[in-house]
Amino acid sequence: MKDFIMKTSSRNSFPGKVTAILPGVINDEIEISLENGDKVYGQITRSATEKLKLSKGGEAVAIVKSTEIMLATETEDYEISCKNQFSGKVIKLVRGFVNGQVRIQTASGLELNATITLDGVNRLKLERGSNVVALFKTANVLIAVKK
Amino acid sequence: MKDFIMKTSSRNSFPGKVTAILPGVINDEIEISLENGDKVYGQITRSATEKLKLSKGGEAVAIVKSTEIMLATETEDYEISCKNQFSGKVIKLVRGFVNGQVRIQTASGLELNATITLDGVNRLKLERGSNVVALFKTANVLIAVKK
Amino acid sequence: MKDFIMKTSSRNSFPGKVTAILPGVINDEIEISLENGDKVYGQITRSATEKLKLSKGGEAVAIVKSTEIMLATETEDYEISCKNQFSGKVIKLVRGFVNGQVRIQTASGLELNATITLDGVNRLKLERGSNVVALFKTANVLIAVKK
Chain A
9 MKDFIMKTSS
19 RNSFPGKVTA
29 ILPGVINDEI
39 EISLENGDKV
49 YGQITRSATE
59 KLKLSKGGEA
69 VAIVKSTEIM
79 LATETEDYEI
89 SCKNQFSGKV
99 IKLVRGFVNG
109 QVRIQTASGL
119 ELNATITLDG
129 VNRLKLERGS
139 NVVALFKTAN
149 VLIAVKK
Chain B
9 MKDFIMKTSS
19 RNSFPGKVTA
29 ILPGVINDEI
39 EISLENGDKV
49 YGQITRSATE
59 KLKLSKGGEA
69 VAIVKSTEIM
79 LATETEDYEI
89 SCKNQFSGKV
99 IKLVRGFVNG
109 QVRIQTASGL
119 ELNATITLDG
129 VNRLKLERGS
139 NVVALFKTAN
149 VLIAVKK
Chain C
9 MKDFIMKTSS
19 RNSFPGKVTA
29 ILPGVINDEI
39 EISLENGDKV
49 YGQITRSATE
59 KLKLSKGGEA
69 VAIVKSTEIM
79 LATETEDYEI
89 SCKNQFSGKV
99 IKLVRGFVNG
109 QVRIQTASGL
119 ELNATITLDG
129 VNRLKLERGS
139 NVVALFKTAN
149 VLIAVKK
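Chains as they are written, first to last, in the numbering used here: chain A, 9 to 155; chain B, 9 to 155; chain C, 9 to 155.
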């Protein structure tokens, strides 16, 4: 399902297999395991779980917009609530007037793109090679499956 | 309630009538039917449903930030989890350094504004007239009512 | 926990004490009371509440990305669903090509940063000193605690 990446405005499309479904009343939490062993968690409505016919072992893509990804540094002393946390290095950085676009690569080879404010880029002193953690909430993850 | 559109920073303000309320524990899912027949779904806290005194048939406005809207093309072969999906054509496109602002119009006349990365604009090869699907999650929809 | 503010890409980091936990099935709603009396509400997964060992009276930081904050004016006649609503004045405004960065200060001294479209800046006629309400959903709030 790698071609799916080319079909949405978000580069953050992570194909994998559904490895857990935690059911709620309105929302279910879905665990998607990527080929490299990384896990991405999404929260979608129960009716979406049914519409997509999600089940353990099935293929699915987790998608998140770059605007939903926050970056942090020196997080060792903190616990942060969101389940999707990826440590990596900045491999690309584009500065706009208001926002910066930051590409991160994890040790496991995963790439994530975050759009943060230029103010944030400056305060975190980000540059190519900087160590950083990418954070995003399960609520901000979309899930897609092939029909 | 059309004047409401001018009072938030988001152009994506959709006035309509509440046509369904699906109650959860912490969150309720609200269906708002627009005059043109389109439906927008929002997920708000139960306490908000009560504060707003939402009930079937009442007027309400669904609001979503342009940063929360993802765009996709060639989605025919996929099922995507989010309930808010609108097919349309690009009618306006502004390119910044990092982001692009894309206005879409559906066949039913609905207009939506999405802020996506310039990278996304380029990969999807968006231009005026391009066919595109706008996607946003119920969790990212705010709901407002007149007092 | 004020030093935490410097370690994420978001300036919107609000240290305080947990004053209420409303449990759900998948998500819990957490109320964080700031030193100045303001309250910020976040919705995190139940498992995150446990991982962070959140309990009443404990210190915690609520964090929200500037892209998640919507601005509105003349809201007196409306009820809006989101629990996080802060009235204030624009104290700084940076215009990009597509987006604008708006800093707001409340009467209680709280500062919030919103990234909205330039289109939104113009339609709301924002400038330094403008009265504005900053709105963000509980679903978009991350919570962090010191280990």
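None of these hints come from the bench; they were simulated from the model. Be aware that one or more of the hints could be misleading.
No copy is singled out in the list; a pair is fine if it fits within one copy or between any two copies.
Simulated crosslink set (DSS-like; lysine-lysine; CA at most 25 Å straight-line) [as the list claims (entries may be wrong)]:
id: 1; residue 1: Lys64; residue 2: Lys133
id: 2; residue 1: Lys25; residue 2: Lys61
id: 3; residue 1: Lys15; residue 2: Lys100
id: 4; residue 1: Lys154; residue 2: Lys97
id: 5; residue 1: Lys100; residue 2: Lys59
id: 6; residue 1: Lys100; residue 2: Lys61
id: 7; residue 1: Lys133; residue 2: Lys154
id: 8; residue 1: Lys25; residue 2: Lys133
id: 9; residue 1: Lys155; residue 2: Lys61
### Message
Under the constraints set out in the numbered hints, which ones does this structure not fulfil?
### Response
The structure conflicts with hints 1, 5, 6 and 8, although it agrees with all the remaining ones.
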